[in-house]
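K.L.:
Chain order of the listed sequences is L and D.
Numbering of the first sequence is given in our numbering, commencing with residue 292 and proceeding in unit increments.
Numbering of the second sequence is given in our numbering, commencing with residue 1087 and proceeding in unit increments.
Since the hints were made in silico from the structure, they are not lab data.
Don't take every hint at face value.
[Unchecked claim] If you want a taste of the chain L side facing chain D, the calculated C-beta under 8 Å gives, among others:
| hint | residue |
| --- | --- |
| 1 | 326 |
| 2 | 602 |
| 3 | 606 |
| 4 | 687 |
| 5 | 689 |
| 6 | 693 |
[Claimed, not checked] Taking lysine to aspartate or glutamate pairs in the EDC-like style, the calculated list, with each CA pair at most 16 Å apart, reads:
| hint | chain 1 | residue 1 | chain 2 | residue 2 |
| --- | --- | --- | --- | --- |
| 7 | L | 692 | D | 1122 |
| 8 | L | 323 | L | 309 |
| 9 | L | 613 | D | 1210 |
| 10 | D | 1108 | L | 687 |
[To be verified] Just so you have them, the derived chain D footprint on chain L, three or more residues with Cβ under 8 Å:
| hint | segment |
| --- | --- |
| 11 | 637–651 |
| 12 | 676–685 |
Glycine included, C-beta positions come from ideal geometry on N, C-alpha and C.
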Amino acid sequence: MALKFPIFMDAQSTTPADPRVVEAMLPYFTEKFGHPASRNHPFGWEAEAAVDVARQRLATLIGARDPKELVFTSGGTESINLALKGVAEMYREKGDHIVTTVIEQRAGLDVCKRLERQGFRVSYVPVQPDGLIDIEAIRSAITDRTILMSVMFANNEIGTIQDIQAIGKLAKEKGILFHADATQAVGKIPVDVEAMGIDLLSCTAHLIYGPKGVGALYVRRKAPRVRLAPMMDGGGHERGMRSGTLPVPLIVGFGKAAEIARAEMAAEGERLAKLRDRLQDIILSSVDEAYLNGRPDRRLPQNLNISFAYVEGESVLMGLNKETALSSGSACTSATLEPSYVIAALGASAELAHSSIRFSLHRFTTPEEVEYVGQRTVEVIKRLRDMSPLYELAKEGVDLKTIKWKAE
Amino acid sequence: MAYSDKVVDHYNNPRNVGSFGKDTPGVGTGLVGAPECGDVMKLQIKVNLETGVIEDAKFKTFGCGSAIASSSLATEWLKGKTVDEAAKIKNTDIVNELKLPPVKIHCSVLAEDAIKAALADYRDKSATTAAAAASK
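Just chain L, with the same shape it has in the complex (with noise of 0.2 Å):
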């Protein structure tokens, strides 16, 4: 098969719709465009039997007893918002404390800033070299005031699948509540959460080539019952919890998405690993000095992050970006000019988190890519380090650290 370009390696950024999402959709912008709260008509009633069908789907993708428990949002940003302020606000009284991860995504890290600022205590569990968390530094970091323990499901950037199972009895164990950011995991990985104890769990449709602009969360009904202190207020929406009309078209595509995802996961899972680990074979058996990030055995399928030493991770896009599209964890190309604080929080140097690309397969990578995308890889990267003092230092045998470097 001709390659097309540019190719689209950045899929834990986002993923392009599956044409079937797009064409379940089609409808509800225009013939069946009715409001599902409107509960005197057919217009209404077709909504809202369209809706039932996707909280359906998606209550059966995550191994919700009730589909009732989901609650559509606006995207993952928005459901963690929801359920980390959502919580801290209704639990007030019965504790001040959350327990969370030094890598969890910024909305995440985020939210438990703005709590702090009001009041509330937050601590943040390391990460352990693969990045894998320990549980038992969870366990140590919990107090007689916890409320909530919020854990990445799947790490965005090095894939890391943590022990979801584990956490969720800990917080059984000890009545707390536990929320799973789980919008890199679900649709790619077995999510289950009665098997797992997850009491809250925040997805969204656009990684699992749903559309942009509609996500969930979950929230558990039964054992315990979580309530929920809404964020948005009006007509009294997904049970009082978040207010607003539902935007049918996009939670049609979300529920389809959730389908697909279903029915095809085991087999796209491990496509994708194979074509992973070639990817990963091309590139490490050419370049010395090339990191893989996050542990290997505990990944999502679809994920790759080599943190490449001596060249820095924006001038390796660049060399790349006419044709390939991937993302790194270099400053220069993060919205706050820091390196990625997930590969710091591995234990890597500044350099090596400067120096990290994250390759995200997807549904429709074929071979070819991978053999292009690995081999283009490696030339640049050879080319960059003809240009880079540091690979010229460390080949003439200085220790790196010996240097006392003038920063800016």
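Based on these hints, arrange chain D on the given structure of chain L.
P.N.:
Frame of chain L; chain D shown alone:
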């Protein structure tokens, strides 16, 4: 972020990549930046000891595309200048030439620092050589 055509050109066709022997007479070396900041530039000049003119310049840079372009441009500008003229190159000249956005101004500052460091190293070495010659 979109890059200016000049940044892309310098990135794709960097001028004067390479190294001189540090101890070669007339060579001045500047090594600035820090790996943990994501930018390190090594810039070298080779000065004609008779005329005081920079005959050649080379660089190696660890950094983003704008850092590579800033140092590549600096080596182009240094060639043919006297040591005194070279000291007048300002980071703002680099910003204007490469049309660097505000977030990339530090790349031009680093390039100016690299030029200054190379010139200072050259002067130190000539002073030492002169002192050694005088004491003979």
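K.L.:
Would you check the hint for residue 613/L and residue 1210/D, treating anything up to 16 Å between C-alpha atoms as holding?
P.N.:
At roughly 45 Å apart (the allowed maximum being 16 Å), residue 1210/D and residue 613/L break the hint.
K.L.:
Tell me if the interface restraint on residue 606/L is satisfied: Cβ within less than 8 Å of some Cβ in chain D.
P.N.:
Result: holds, 5 Å to nearest chain D Cβ.
K.L.:
Quick check on the hint: residue 326/L CB to chain D CB, less than 8 Å?
P.N.:
41 Å, violated
K.L.:
Three residues minimum, CB to CB under 8 Å: does the segment 676–685 of chain L make the cut for coverage by chain D? Let me know.
P.N.:
With 7 residues close enough to chain D, the hint holds.
K.L.:
Taking 8 Å as the limit, does the beta-carbon of residue 687/L come near enough to a beta-carbon in chain D?
P.N.:
It is violated, given that the least Cβ distance between residue 687/L and chain D is near 10 Å, above 8 Å.
K.L.:
With chain D as the partner, please determine if residue 689/L meets the hint condition of a C-beta pair closer than 8 Å.
P.N.:
Violated, because the Cβ-Cβ distance from residue 689/L to chain D comes to roughly 11 Å (cut-off 8 Å).
K.L.:
Does the alpha-carbon distance linking residue 1108/D and residue 687/L stay inside the 16 Å limit?
P.N.:
13 Å, holds
K.L.:
Are there at least three residues in the segment 637–651 of chain L whose beta carbon sits under 8 Å from a beta carbon of chain D?
P.N.:
As far as the segment 637–651 of chain L goes, the hint holds, because 4 residues have Cβ atoms under 8 Å from chain D.
K.L.:
What's the verdict on residue 323/L and residue 309/L, does the C-alpha distance respect the 16 Å limit or exceed it?
P.N.:
Given that 16 Å is the threshold and the Cα spacing comes to 21 Å, the pair is violated.
K.L.:
Given residue 602/L as an interface hint, is its Cβ closer than 8 Å to any Cβ of chain D?
P.N.:
7 Å, holds
K.L.:
When you check the alpha-carbon spacing of residue 692/L and residue 1122/D, does it fall within 16 Å?
P.N.:
11 Å, holds
K.L.:
Does the CB of residue 693/L sit less than 8 Å away from some CB of chain D?
P.N.:
This interface hint is violated because 12 Å lies over the 8 Å limit.
When the structure is compared with the earlier hints, violations turn up for hints 1, 4, 5, 6, 8 and 9 and for no others.
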